[in-house]
Amino acid sequence: MKKIVALVLALAMSLSMLALAGAEDAITLKIAHIGPETGAAAVYGMATSRGAQIAADEINAAGGKYRVEIIDEDDTHDAEVAVNAYNDAMDKGAQMIVGTTTTTPCIAVGALAYEERVFMLTPSASSTAVTADKDNVYQVCFTDPAQGAASAEYIAEHQLATKVAVIYNNADAYSTGIYQTFVEKAPEVGLEVVSTTTFTDDTTDYTVQVNDAMNKGAELVFLPIYYTPASQILIKANEIGYKPMFFGVDGMDGILTIEGFDTSLAEGVLLLTPFSADAQDEKTVKFVSTYQELYNEVPNQFAADAYDGVYALVAAAEIAEVQEGEAAEAICDRIIAAMQQLEITGVTGTMTWSASGEVTKTPTAVIIENGAYVGFSK
Amino acid sequence: MIFLSNLVNGISLGSIYAVIALGYTMVYGIAKMLNFAHGDVIMVGAYVAFCAMQYWGLPPAAALLIAMAVCTVLGITIESLAYRPLRQAASLAVLITAIGMSYLLQNLALLIWGANPKSFPSSMIVLPTLSLFGGGLTISGVTLVAILANLLIMLVLTTFINRTKMGKAMRCVSEDRGAAELMGINVNRTISATFAIGSALAAIAGVLLCSAYPVLMPTTGSMPGIKAFTAAVFGGIGSIPGAMIGGILLGVIEILGKAYISTELGDAIVFAVLIIVLLFRPTGLLGRQVREKV
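Residue numbers (this note's numbering), protein chains in the order written: chain Z, 1155 to 1532; chain L, 19 to 312.
Isolated chain Z (complex conformation) (with noise of 0.2 Å):
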């Protein structure tokens, strides 16, 4: 019995030596996830942290070149903290930054992290103003106005109208951003925009909006709003029997989980959106498998973007040929000039990047269909 006990342990140690050894073979990269996983924002922060971890633990599993350590800190959403959780996690040694998720702190990380050349891609922080002016700050989100110009080709592209509608809110940053950029697009892929219509967080009455679209012939109302004004659109559409295909951006994410909202109204809702949960693809479906075994719960979709945010920053450490212990700004120039190269699919599409730090990204739409998102195919 003891001789079966010792061979059992002599073989776990062996093989143990022999894991440690492939790993010590792989090239460790340090990175530093930096997001709200504490206060009122903790919601998007435990997303980014939990899809960094899940695509690091998927990498270094597959034992490539590379073996990623994440180094997690908390920003409570606070520009300041942000910056301390900054150099905490560079005082750790990490070399390359998956951050930060909100756009606050990400614009104060940013400038420092442009002084001391850290290379930082943030899964979602989306306004323009995180990469403006800075050549190492990278998306892997839309910006919210390209958001209107991807809308506008992809209506375009797949000839789902010609006349289009748009009711936006013009008190809302966000949904006016979108509309300019969409309005701006639109003629040059040969739609028309037959009518304007604005709201603002106090409206209550739709009607006027609705009925504009409706006199005007739209075959497509474009809806860059959120989804709670876009049920209210909904519900007075069908009550004066009007059917036009209705489209939303990723504010409309959300449409169905309203309560007591009559969902068979959101039936054949389109919504641009980098990331759908429940897309058949291989990638997206063990990925949200893996998160939903973890952390018993639907990754949204700034899970997804952290998630890819690992993958991309790895292939683009082997594009630059980073070594071990190589430090952050020895590594930056050689990583901003990878990401360019790059073209990686991921759980929100296949991405490249321009030199401003834009991610281009083939928008994909998802259509409701029996009170679920579903690929949209035309």
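FYI, nobody ran anything at the bench for these hints, they're computed from the structure.
Everything hinted at is true.
Label-pair restraints from in silico Cβ distances:
(1) L:LEU129 with Z:GLU1523: 32 to 38 Å
(2) L:GLU282 with Z:GLU1212: 45 to 51 Å
(3) Z:ASN1369 with L:GLY118: 40 to 46 Å
Derived list of chain L stretches under chain Z, where covered just means 3 residues or more per stretch with a C-beta under 8 Å from a C-beta of chain Z:
(4) 23-33
(5) 271-281
Here a beta-carbon is modelled for each residue, glycine too, at the ideal position from N, C-alpha and C.
Position chain L relative to chain Z; hints supplied.
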């Protein structure tokens, strides 16, 4: 036809404002105070009706009655806890308390029901949509119900105030609180009754508002509340027919302004009209000019 359809939409929005304005004007006319929490009592009424139907599976009529009962109790509680102790205080203090009460209700609703919006079930109103001119003009069931409710509430309120003993007491309190007290009228009870009626009206208004515009959030009542207050001032605050006329006019102006001038300026137009009316008729359209005797 498009104009007609806009007009109908305006009347439909206006009739909702009118129901809310009736509650404002009733409380103001008698207690001489602006109950800024009125809009939030509406929101509570709508939430209660929502819960009654969605969670407890009650029929719409029962849900409405429960909402009215809850709001009545809430109104009396608010009055006795927050406003009664300030009966002798300056009117500014009462006004600020009312605003505080409004935020308290909103935040309590946020705690109880959460920030996620809820969609109000459409089964509340049974009247079908009226379609005229071969579908060119549609009048929704909610609009018809709202207009009927307005007329009915107006009639009942006017009769109540002019014909009953409690109504007489209310008129006395409204005219001269001190003298009414000397005449043996229980002022506190009279004002409580006013709040009870006003809050029950708020429940009806909440259900109508959310049936017509079915998104329910803790802030649902605040903007319609302010618009309805404007409507009440527009029609002459304190006057019951004035509230109704003011409400409907305000709705029509809002919709026509948005449809023919600009959706961006919709609210600005509404409030500009209010200012103009008040410049020429400081007491509102149907308000009584009371001469101060020295």
